[in-house]
Structures are given as structure tokens and as C-alpha cells.
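K.L.:
Listed below, chain by chain, are the residues.
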Amino acid sequence: MSEIPQDLKYTKDHEWIQLADDGTALIGITDYAQESLGDVTFVELPEVGDSFESGDTFGVVESVKAASDLYMPVSGEIVEINDALEGEPELVNRSPYKEAWLIKVQLADDANTDDLLSADSYREIAG
Amino acid sequence: MSDLKPTPLWRFHERHRARMGPFAGWNMPIQYSSILEEHRAVRENAGMFDVSHMGEITVEGPEAKAFLQKLVTNDIDRVKVGQAQYNVMCDGEGKPIDDLIVYCRGDDKYFLCVNASNRDKDFEWMQKVAGDFDCEVNDVSDAYGLIALQGPKAETITSMVLTWPDLKPLKRFHFIEREWSGIPVIASRTGYTGEDGFEIYIPAESAEIFAETLLTAGIPHGIALCGLGARDSLRLEAGYPLYGHELSEEIDPLTAGLSWVVKLAKEPDFNGKAKLKSNKDQGLKRKVAYFRMKDRRIAREGATVLQGDREVGRVLSGSHSPILNAPIGSVLIETDSIEKGGLSVDLRGKRFELEILQPPLQQYAVKEEDEDQEQEAN
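So the sequence lines, in the order shown, correspond to chains A and B. Residue 245 in the working numbering sits at position 124 of the first sequence, and the numbers go up by one each step. Residue 301 in the working numbering sits at position 296 of the second sequence, and the numbers go up by one each step.
These aren't lab readings, by the way, just hints derived from the structure by calculation. Where a beta carbon is used, it is the ideal one built from N, C-alpha and C, also for glycine. Warning: the hint list may mix true and false statements.
Stated by the list, open to error - Capping the alpha-carbon separation at 30 Å, the derived lysine-lysine pairs in BS3-like fashion look like this:
#: 1; chain 1: B; residue 1: Lys268; chain 2: B; residue 2: Lys176
#: 2; chain 1: B; residue 1: Lys278; chain 2: B; residue 2: Lys75
#: 3; chain 1: B; residue 1: Lys282; chain 2: B; residue 2: Lys85
#: 4; chain 1: A; residue 1: Lys225; chain 2: B; residue 2: Lys355
#: 5; chain 1: B; residue 1: Lys292; chain 2: A; residue 2: Lys186
#: 6; chain 1: A; residue 1: Lys186; chain 2: B; residue 2: Lys278
#: 7; chain 1: B; residue 1: Lys114; chain 2: B; residue 2: Lys268
#: 8; chain 1: B; residue 1: Lys268; chain 2: A; residue 2: Lys186
#: 9; chain 1: A; residue 1: Lys133; chain 2: B; residue 2: Lys372
#: 10; chain 1: A; residue 1: Lys186; chain 2: B; residue 2: Lys10
#: 11; chain 1: B; residue 1: Lys299; chain 2: A; residue 2: Lys186
#: 12; chain 1: B; residue 1: Lys299; chain 2: B; residue 2: Lys100
#: 13; chain 1: B; residue 1: Lys299; chain 2: A; residue 2: Lys225
#: 14; chain 1: A; residue 1: Lys186; chain 2: B; residue 2: Lys372
As the list claims (entries may be wrong) - A few chain B residues that don't get close to chain A, going by computed Cβ distances all over 12 Å:
#: 15; residue: Val134
#: 16; residue: Thr161
#: 17; residue: Met165
#: 18; residue: His226
#: 19; residue: Leu289
#: 20; residue: Ile343
#: 21; residue: Tyr369
Make a model of the complete structure from these sequences and hints.
P.N.:
So, in C-alpha cells, the structure goes:
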């Protein structure tokens, strides 16, 4: 049974998103995702300043088993990336919801957050 | 999943919380903790693997040796009682059917260990070849469990359980057949990781108690339970072929870099000899080579290898080496292209450089102080 914090939003692609009041959001992959991927060896992240539409590929998580694309759960601009993952990609396995956040995004004005899943709905996919 | 065969250690895996997965029709432990941690444990201390899925076949009778000489590429005359020999078995066209280990238990008594995925095909082929010889071939796979203990501490740990005075001095590719607590076991100084270690054949019904005993003995020495994930990354790093990847119907043993087990000069004719000899005489245009990547993306099976814009090969296996902290793998590549260098692999339209190295690849690990110097030099 994987961990699914109640205070986060989720996508069917097994990403989590933490929305802040200032219109930014932290994005990462879920405990279920890191479990399925196994040992993560590399995370390719975008550059600060890049903009993406919801559904765009913004990076890749490489594990011993497979490479997996990362999809933007909302439209927005990258304002920060998690540099710690460059040297310690295994943080994704160890702390998917805290230390291994991937990107911080400034949500676009027209960003749609209505389709994001609640913890309860996500549990039905990844319980 | 219910059609998968359980190994004699299935309760052991359940108790030790292995993550199980299908392999060659078996329900096998893929990993216990982390593939990378298990891999490191084998290089630094010791790791224990359940490889009971491997097939065991006995060959007995007055013409057992003559049969094996016909069957395999290596020279069976060179294996004495108590010794083991690595081998390839080809069809008449020189296409490998499998790679295997031949154990000599007596002049007319041999024991073969074959790949799980090829077991039925191998046995069928052996029975066909054996038709011309006075010997009996039996598939005894279901009677055996097989446990591998590998790593620099493997000797210390194994000798605590198999307390035989001749175990520690046992040479590589030699084995001892004897009773442990009244149970007949075969302890062989062989392995598939590039480390020292043992592979222990034990009656299926006693495999679990033996595994628990070995694990208990190994805990003070940093033993790790290892799954097939680490087994694959270890063998790739060590530069050992896996049938279906580096050795296959398409890749003959010479191309696979196994010419040392293909004795073209051996007197008795063997299956595939003429074809292999003519392949060699014509010159091998392609070969299997092992590589490290400079970037962090893993090049996986099937990826195209390029020299400039020309396709010169393809990736056969790809993984990550925690010892080099870099992606590693194997390629089937045009022999001429290796010396020229400038090789890259295409991963979804992007080029990544790869560097061909002579295995074992773990020898290229950069020590921390060297790394500092390298950075200063740059």
C-alpha cells in the first residue's frame, strides 16, 4: 500500500501537485510511481523560465528498469527546479513527497486545476 | 500470474518480502531492497541469489563423454572429475542453442546446468543428439534448488555452513559433492557476477532450510538478499553474456567473444564446428562489445549505435552501474568501427556518446581522489 498524503492533488500519470496561495505549485511523482519505477538513476528536468502547456512532457525519470516521461499536470512557467536531484537521484525513491519535489511552477492565468484528482480519487487508481 | 512456477524457496521470499516477478515462466524474486544496493553488496560483501529456475540435466552412460564432445564447443577431455567447464551448445549451423556449465562427476557421469528459458528446448535437442550414443539424458531440474552466494565474503560465509576443510582452498570451476546435515549437496566455485563465490545445488525439499542457514551465517558479514535485477546488472558489468541478448541464434559464440570455449582444433567433430570454422576463416565482421555511457541516460536493448550518421550496431543489454555511477551495456557492432571511435547511441532522436571498454567494467571505477584530480585537470 503506497503512501498518498491527503493534502496534495494528483494526476492519473502518478504525479502530485501542491498548490500554494501565491499561484505557484510544487510538482513531483508519487510513492506509487517511484515504487513501480524502482531505483531511480537520473532525473532530467527543464530549465527555469521554460513554459509548458498542461499535458506537455517536461522531463524524464530514468530508473534501472525503464525511462518514464514526466507530464505537466497544469500550464505554467518553471520558476525553480530541484538541483539536489542532479547528485542524488535516489531521493525520488527515498522521499518522493518532500525532498524529491521536481519543479516549482508559476501557474498560467488560464491554468485549469479542476481536473486534478483528490487523494481519495487517486487512491482508487494507485491504492 | 497463477501459471508461474514457484521455486523451492517461495516461502523464503515471502518471509523476506521479495518483490516477485515473472521470468522464463517462473515466479522469481526481482529485488528485495534496491537493485543498486544489492549490486553494491555483492561487490563489497556478499549477496545471496535464488537461481533455482536454472535447469539441471544429467548425462550418464559409457558414451556420455563422446556424446558431450559432439554436443558442446569446448573440449570435454579437459574436464576432470570434480571440475566444471563453461560451454556453448550449437546446432548443426553453428547457431547457439544455449550456454551451459558441464560438471564432471565421473568418467561416464556428467551434470549440466542450463538456462531456465531454454530448458525444454535444450533437453529436446540433447535427446536427439544422444540417439547416436550409449548414454542416458535426464532432466532432473525439478529435484534441485540452486542458491548462489557471491562476493568477497562468500568464502567466509559459505565455509561457516559447509564446514569442509577443502572448501576454502577449492579452486574456481571446481566443485565438491558431499552431504550437509545428511543432505547431498554440490558446492561449485562458480558464479555469474564477476566476484568470487559459490553456487550450491541442493535437493528442492532442503533448499529453504539451507538458504535460512546461509543467510543467518552471513548477516554479521553484510550479506544481502539479491534478486534477478542485481544479477543482471552484475553480469553485464562483469561482461558475461546472457542467452537471448549477447549470445543467441543470431550471435554465434565467436561473435559473442567466447572463442576461448570454442575448440575448433578438438579432435571429435562437434555440432556447428564446420560453420563456426568457416565464420572464423571469413573474418568476423561484427562482435559483441561492452560499453559505458558518458551521459546519464540508459541505452536500452534495441537502441541504434551510430558512427557519424552511419548505423554500425545496436544495443543488446542496458543498465546502470552503481560502481561506475554510469549507464553501461553491451552492443553488437561492426568490428572495424570500434577502433575509429566516435560512437553514439540514438535515444528518441537525441545522440549520446558511448565508450567501448574491455570488461569487467567495474575495474574502471574512479576513486574519489582521482575524480578530484580529473576535475582540476579539466
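K.L.:
Would the hint linking Lys299 (chain B) and Lys100 (chain B) be met if the CA-CA limit is 30 Å?
P.N.:
With Cα atoms ~34 Å apart, Lys299 (chain B) and Lys100 (chain B) exceed 30 Å; violated.
K.L.:
With the threshold set at 30 Å, check whether the alpha-carbon distance from Lys299 (chain B) to Lys186 (chain A) stays at or below it.
P.N.:
19 Å, holds
K.L.:
Given the hinted pair Lys186 (chain A) and Lys278 (chain B), is their alpha-carbon gap at most 30 Å?
P.N.:
Judged against 30 Å, a Cα distance of about 38 Å means the pair is violated.
K.L.:
CA of Lys299 (chain B) to CA of Lys225 (chain A), is that 30 Å or under?
P.N.:
With Cα atoms ~28 Å apart, Lys299 (chain B) and Lys225 (chain A) stay inside 30 Å; holds.
K.L.:
For the pair supplied as a hint, Lys268 (chain B) and Lys186 (chain A), confirm whether the alpha-carbon distance does not exceed 30 Å.
P.N.:
Cα-Cα ~37 Å, so violated.
K.L.:
With a cut-off of 30 Å on the C-alpha distance, tell me whether Lys278 (chain B) and Lys75 (chain B) pass.
P.N.:
10 Å, holds
K.L.:
Say whether it holds or is violated: Leu289 (chain B) keeps its Cβ farther than 12 Å from all Cβ of chain A.
P.N.:
31 Å, holds
K.L.:
Are Lys225 (chain A) and Lys355 (chain B) close enough, with their CA atoms no more than 30 Å apart?
P.N.:
Between Lys225 (chain A) and Lys355 (chain B) the Cα gap is close to 26 Å, so the pair holds against 30 Å.
K.L.:
Is it true that the CA of Lys268 (chain B) sits at most 30 Å from the CA of Lys176 (chain B)?
P.N.:
23 Å, holds
K.L.:
Just checking, Thr161 (chain B) versus chain A, shortest CB gap more than 12 Å?
P.N.:
With a cut-off of 12 Å, Thr161 (chain B) remains clear of chain A, as the shortest Cβ separation is near 28 Å.
K.L.:
Once the closest CB in chain A is found, is it more than 12 Å from Tyr369 (chain B)?
P.N.:
17 Å, holds
K.L.:
Does Val134 (chain B) sit more than 12 Å from chain A, CB to CB?
P.N.:
Per Cβ check, Val134 (chain B) is outside 12 Å of chain A; nearest 38 Å; holds.
In this structure, the earlier hints numbered 6, 8, 9 and 12 are contradicted, and the remaining ones agree with it.
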